[in-house]
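Make a model of the complete structure from these sequences and hints.
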Amino acid sequence: MIETILGKYNYWIYIALMMIGFYAMVAKENLIKKVIGMSIFQTAVFLFYVSIAKVKGGTAPIEWHHSHLYDNPLPHTLMLTGIVVSVSTTAVALALIIRIYKAYGSIEEDRVLVLEKEGGKGE
Amino acid sequence: MTLTEHLPILIIILPLFAAVIMPLTGVVNRSLCWYFTVVVTFLVFLIALSLVCNVMEAGRISYWLGGWKPPWGIEYVVDKVSALVLLVVSFIAFAVAIYARRSVEKEIAKSKVPLFYSVYLLFITGSMGVTITGDIFNLYVFLEITSLSLYTLIAMGPKRRALIASFNYLILGTIAGTFVLIGVGYLYMVTGTLNMADLRVLLPELYGSSAVLTAFAFFTVGLSLKLALFPLHIWLPNAYSYAPSVVSAVVAATATKVSAYVLFRILFTVFTVEFDTSVVPVTYLLIFFSSVAIIMGSVIALSQTNIKRMLAYSSIGQIGYIVLGAALTNELALTGSIIHIFNHALMKGSLFLVVGIVVYKTGIDDISGFKGLGRKMPISMAAFTLGALSMIGAPLTVGFVSKWYLAIGAINAGMWFLVPVILVSSILTAVYFWRVVEKIYFHKADEVEEIVTEYEVDGAGCACKRFEAPLTMLIPTFVLSVLCILFGIAANIPAGIASSAAKMLLGGGG
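Taken in sequence, the protein lines are chains P and V.
The opening residue of the first sequence carries number 1 in the numbering used here; numbering runs sequentially from there.
The opening residue of the second sequence carries number 1001 in the numbering used here; numbering runs sequentially from there.
Simulated from the structure, these hints should not be mistaken for lab results.
A few of these clues could be false.
[Stated by the list, open to error] Restricting the straight-line Cα-Cα distance to at most 20 Å, the calculated cross-link-like pairs of lysine to aspartate or glutamate (EDC-like) are:
no., chain 1, residue 1, chain 2, residue 2
1, V, 1159, P, 110
2, V, 1503, V, 1274
3, P, 8, P, 71
4, P, 117, V, 1366
5, V, 1159, P, 116
6, V, 1159, V, 1366
7, V, 1159, P, 109
8, P, 28, P, 108
9, V, 1106, V, 1366
10, P, 33, P, 109
11, P, 54, P, 3
12, V, 1159, P, 108
13, P, 28, P, 116
14, V, 1159, P, 118
15, V, 1106, V, 1468
16, V, 1503, V, 1331
17, P, 102, P, 116
18, P, 28, P, 110
Spelled out as structure tokens, the structure:
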């Protein structure tokens, strides 16, 4: 029991972080907080990929002896692409928030929806 | 080393580079952008056409990126299914590109036009990539390219509400994309490979493993969210109805179809039919949700007053048909489903293009705005009626062909109770399209004229009784709707391709 909790603590951290991010994305009204949640959610997945790359006793995959144990470098490479995707998503989201703020004067989702109803058809 | 060998990569590189060059072209001369987009999309369409011909003659094409051998390097695969989807997407992209010129001039600020075309080409790049790749992580990257460009395109909509629609889509789309990424991670964890064909070989031994089950669950939910299967469809109506008209047309015709194609790939190429039906009975769940989608999509469409929203809810129902055909896992139903990807792209494409014409000419997107348009825009309204007939599934139209295959497939699968679902939804479809068709032909135009003068920018046409759209808008719209009839009569051509594609998916060819 303790083995499964402590021995795989990195996976538990990944799950906890993922849930925190997911909660913020779904439940928060402030758009910036939603984006923060999104970043946590995506970063949790990067942590998961890095965890599965780990080999017990492995080091960096650099050749200095002919045989040594090294971590699987592929998931790390994949996550470089993942980070690029995550950064671009965040950039697009923030750009959208700036335009929402300019159009409505608020970045609270509930407030924006009220404004939308009051404003009738908008611009 | 001939050029033809490199077609599978050219179909992606060409729009990608063009997307990068586009803003520079805009600096030189803004009006060049449209010509450039049309030429690029036409070339992409030609490449897709020649790939289809090659595949039909020689079978599966495998292209090794950078010359690395498949399980290690990234592989691009063109087989019958992906060739068909490539052809549909590139054709719609080309038709909409021709159409885009006038509509974009009107709905999007001048300084942003080059950027619009740039993002449009990025969207095509992503869709092509998703379809052609044989590597599961590459698939995720292309999915995100498609989604990111879509968020931007939707946010360019004329009303400020488009921003909220785009943001909500961004949040849900990112959840979906990240779910797919988690799925990829779990599969890589247990198999150590990212190649779809290789996964298919390695996975069966591990079917009991909980990591594989988790991966499968994440894939199914993530992709259902991307393709807007019924309970996960919340983002779709707003995204479709507040986007610029051109974007609504291209998204409705291609984006969800490409996601449906990815679902087919995961269900039938990465996993096997036995896994989908016996290890995890996911097909029963999908049958249930897609039937609900078919009915609910049509019922909600009935109560809409905005024409774009009505078409959006109708799309949710149509996506139900596509998923239903796949979930029945027999050859006829899957044929119906693949053919429906093709057919729905044609009919929804033409319907949204007509709506774009009406918005362009009158500025109204309410159903009441269609009053008396039958006299004023005879050609575009004829196109709308043809599209509507196909959606209903009248014989001699494409809609009939796919519903026929789905119904026979449902009976073959012993699920006769799905036939009434298809029939009821067809009747509902007839009812909600009839409301519009009635307005078009049997109502006199009332205060429409006044609103027209408000939008009178290009100076021509309003004074006279007829005001058809410019030819660059009219021709693509009409061609799409004529194809709805043409492929409804000559149904054996797409049906032939689709049924051999279905055989291949179910038979285990990668």
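* Could you check the structure against the hints above and give me the numbers of any it violates, in ascending order? => Hints that this structure does not satisfy do not exist here, as all of them hold.
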